[in-house]
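Undergrad: These are the residues of each chain, in order.
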Amino acid sequence: MPDQFSLSPRQRDDLRAIAAMIVPASDEYKVPGADDPAIQADMLATLGRDAKLVVAALDYLARLAGQPLTELDAAKRDAVAQEFRSSGGAAAATLVRVVLQCYYRDDRVLRSLGLELRAPFPKGYVLPDGDWSLLDPVKARAGTLRRVP
Amino acid sequence: MKDPVDVLIIGAGASGAAVAWSLAETKMHILCLEQGGWMNPAEYPSTGRDWEAKFYGEWSSSPNVRGRPEDYPINDDNSPIKVVNYNAVGGSTVMYTAHWPRLHPSDFKVRTLDGVADDWPIDYDALTPFFEENDRMMGTSGLSGDPLSPLTHPPMPQQPMGLSGAIIGKAMNKLGWHWWPSDTTVATMDYEGRARCINLGHCTPACAQGAKSSTDITYWPHAVRAGVELRTHCRVREITTDESGMATGVVYYDKDGAEQFQPAHVVIIACNGVGTPRLLLNSASNRFPNGLANSSGLVGKNLMFHPYAQIYGYVKEPTDSNRAPPTCLWSKEWYDTDLSRGFVRGYGVQFVRGAGPVFEAVVSEQKGILPWGADHHRVFRKLNGHRLGFSAICEDLPEEHNQVTLDPVLKDGHGIPAPKINYTISENSRKMMEHALAHGREILETAGASDICVNSPIPWGGWHLLGTARMGTDPERSVVNEWGRTHDVKNLFIVDGSIFVTSGGVNPTSTIQALALYIADQMKQRLANLFD
Chain A
1 MPDQFSLSPR QRDDLRAIAA MIVPASDEYK VPGADDPAIQ ADMLATLGRD
51 AKLVVAALDY LARLAGQPLT ELDAAKRDAV AQEFRSSGGA AAATLVRVVL
101 QCYYRDDRVL RSLGLELRAP FPKGYVLPDG DWSLLDPVKA RAGTLRRVP
Chain B
1001 MKDPVDVLII GAGASGAAVA WSLAETKMHI LCLEQGGWMN PAEYPSTGRD
1051 WEAKFYGEWS SSPNVRGRPE DYPINDDNSP IKVVNYNAVG GSTVMYTAHW
1101 PRLHPSDFKV RTLDGVADDW PIDYDALTPF FEENDRMMGT SGLSGDPLSP
1151 LTHPPMPQQP MGLSGAIIGK AMNKLGWHWW PSDTTVATMD YEGRARCINL
1201 GHCTPACAQG AKSSTDITYW PHAVRAGVEL RTHCRVREIT TDESGMATGV
1251 VYYDKDGAEQ FQPAHVVIIA CNGVGTPRLL LNSASNRFPN GLANSSGLVG
1301 KNLMFHPYAQ IYGYVKEPTD SNRAPPTCLW SKEWYDTDLS RGFVRGYGVQ
1351 FVRGAGPVFE AVVSEQKGIL PWGADHHRVF RKLNGHRLGF SAICEDLPEE
1401 HNQVTLDPVL KDGHGIPAPK INYTISENSR KMMEHALAHG REILETAGAS
1451 DICVNSPIPW GGWHLLGTAR MGTDPERSVV NEWGRTHDVK NLFIVDGSIF
1501 VTSGGVNPTS TIQALALYIA DQMKQRLANL FD
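First to last, the protein sequences are chains A and B.
End of the first sequence sits at 149 in our numbering; the numbers just go up one at a time, nothing left out.
End of the second sequence sits at 1532 in our numbering; the numbers just go up one at a time, nothing left out.
Wrong hints could be hidden among the right ones.
Unchecked claim - Chain A is nowhere near these chain B residues, computed Cβ spacing over 12 Å in every case:
no.: 1; residue: C1207
no.: 2; residue: A1258
no.: 3; residue: N1384
To be verified - Under the rule of at most 25 Å between Cα atoms (straight-line distance), these lysine-lysine pairs were calculated in the DSS-like manner:
no.: 4; chain 1: B; residue 1: K1170; chain 2: A; residue 2: K52
no.: 5; chain 1: A; residue 1: K139; chain 2: B; residue 2: K1174
no.: 6; chain 1: B; residue 1: K1316; chain 2: B; residue 2: K1170
no.: 7; chain 1: B; residue 1: K1054; chain 2: A; residue 2: K123
Hints were generated in silico from the structure; no laboratory data involved.
Glycine included, C-beta positions come from ideal geometry on N, C-alpha and C.
Please model the complete structure; the sequences and the hints are all you need to start from.
TA: Set out below in structure tokens:
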């Protein structure tokens, strides 16, 4: 039996449609859109504590659209999306964040950005030490702490 | 009935750990009760590919978002700045940026110098040896000799400048303004069993490498080895007193949720600026109807955050993004009062290196600079890995209407009334924040930044919880005396940020811990007549 926050087929369709509007696929950058099946699956699998607000956002989106998002013509769909983003409050913001956080951890997307496909730990990163002679003007200007009686 | 302990410490965070370690040499029976548990670094966010997403959920800095059993809810609806903290062995040192400035000597004489707020009953010199001791224990890195900061002697060299630091340094030099590598509690070399920093970047929600100092890996192992008992998952409900007005112990809920009474000869509170007044107010009794140690009526009042004025932008050259500790440089250019600016007191600045891709996408979309649709990819590539930030830590002056009280409805998982925050940003702070933003913009523009965005205040920026059980010599105007003992209850001490008289314009943890060590030292010197 599905839990109270599992998405209906209509909600999944709308999530896929709005995700594609937020981040469409790009041939130029060789990246999928956020409607990509693997990215959608990641969203659904990791909704967790965000599920309640995402469901609320999709309910709001459905009310604005009046029918499945994909069945609207492009102009109407854009108008709905704009209204959703501007008036959807915390629920809409959560949905957008869920889309982006799953999109920007996808291997294909990270590869396109030139980022390594790994967690920060345990390898970490190398940081240039820098040219500390940049501090010379600060040392030359000196200055003092405020005097205390 | 449990056997009484000599000293009972409530809270195992920054100050509780320091006071426990310092008192351990007395060989008294010392017990610390902590509502959280020991941390497991293998579970820290940076060990997983979903490291950024976790910051929006179980690793949020907000206890209200995290909602772990170890957390308690906080009603901060009446505050533009939301409280953030962490509850575990190590407390909020598990989840902080490790930025490590100290209060300046002038911060202890605010009334004398500027005619506002109050002077502290102690001065900087009284804390100097404890700052030094604490820096050794926590393990600090930095560059000694900053002309505009108190002299420090970090045992480790400063963090690398990185790409972001060089851009900021050049811009500050063009403008002729002060900057300096920050003192931090990030180990830049192997130190006392801690491995050196390898630039995981995601420092704030705990360091999987153990390079960032938190008291679970610094003070606590030493304190436990020295005989201090640390009992975890124990939430204190109230401090009990006898007919003579002395503290007798605490009532707490153990890890199984069972109510327990632990008698003690001395009680030390180390729950910081929200948890401490909450506990004192929840300890009201017939003898102390307005809350324990509250004859002044000041418990919970004078809450000081540091309102953060943050401004950031994007430069053409790459920055360090998430591939380095988030803070690396500070500036004290505007730290002291200059009345021509239109406000009293001042602010410290911490420069921020950048952000990871998820954070960048989410925040930039919310700010409206990252569009939906076909242009999303081009714009994201312009923003990601190019961010530089400037955050001003504005000194908040004490005002009694900024207050922690008990919420009449909200309760934690044990049914204990939760704290409620009433807080407004003062006109003086607002002017300070505007001044900071103007100068931050000038720095960013000098560095060549565009798409400049502002967060003022940072809404989830209530890290620093100060002033709600202030220190002073006058029992009518303060809660604790000049060595941390409450005026009203002679075997009750407070050692955390709540005893701050004023807030300064810097991150307070270094000063909180120096105060805790100072109070422990005072107690050790007075053991023969501690209750006189």
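Undergrad: Against this structure, judge whether each hint is valid.
TA: Quick rundown of the hints versus the structure:
1. With a minimum CB-CB distance of about 9 Å to chain A, B:C1207 fails to clear the 12 Å threshold, and the non-interface call is violated.
2. No beta-carbon of chain A is positioned within 12 Å of the beta-carbon of B:A1258; the least distance is around 29 Å.
3. With a least beta-carbon separation of about 7 Å from chain A, B:N1384 fails to lie farther than 12 Å from that chain, contradicting its non-interface assignment.
4. Between the alpha carbons of B:K1170 and A:K52 the distance comes to roughly 47 Å, so the proposed pair goes past 25 Å and is violated.
5. A C-alpha spacing of about 14 Å is found between A:K139 and B:K1174, which places the hinted pair at or below 25 Å, so the restraint holds.
6. Restraint check: the Cα-Cα separation between B:K1316 and B:K1170 comes to about 15 Å, which is no more than 25 Å; the hinted pair holds.
7. Our distance criterion of 25 Å between C-alpha atoms is met by B:K1054 and A:K123, whose separation comes to about 20 Å.
This entry does not satisfy hints 1, 3, 4, going by the numbered hints stated previously.
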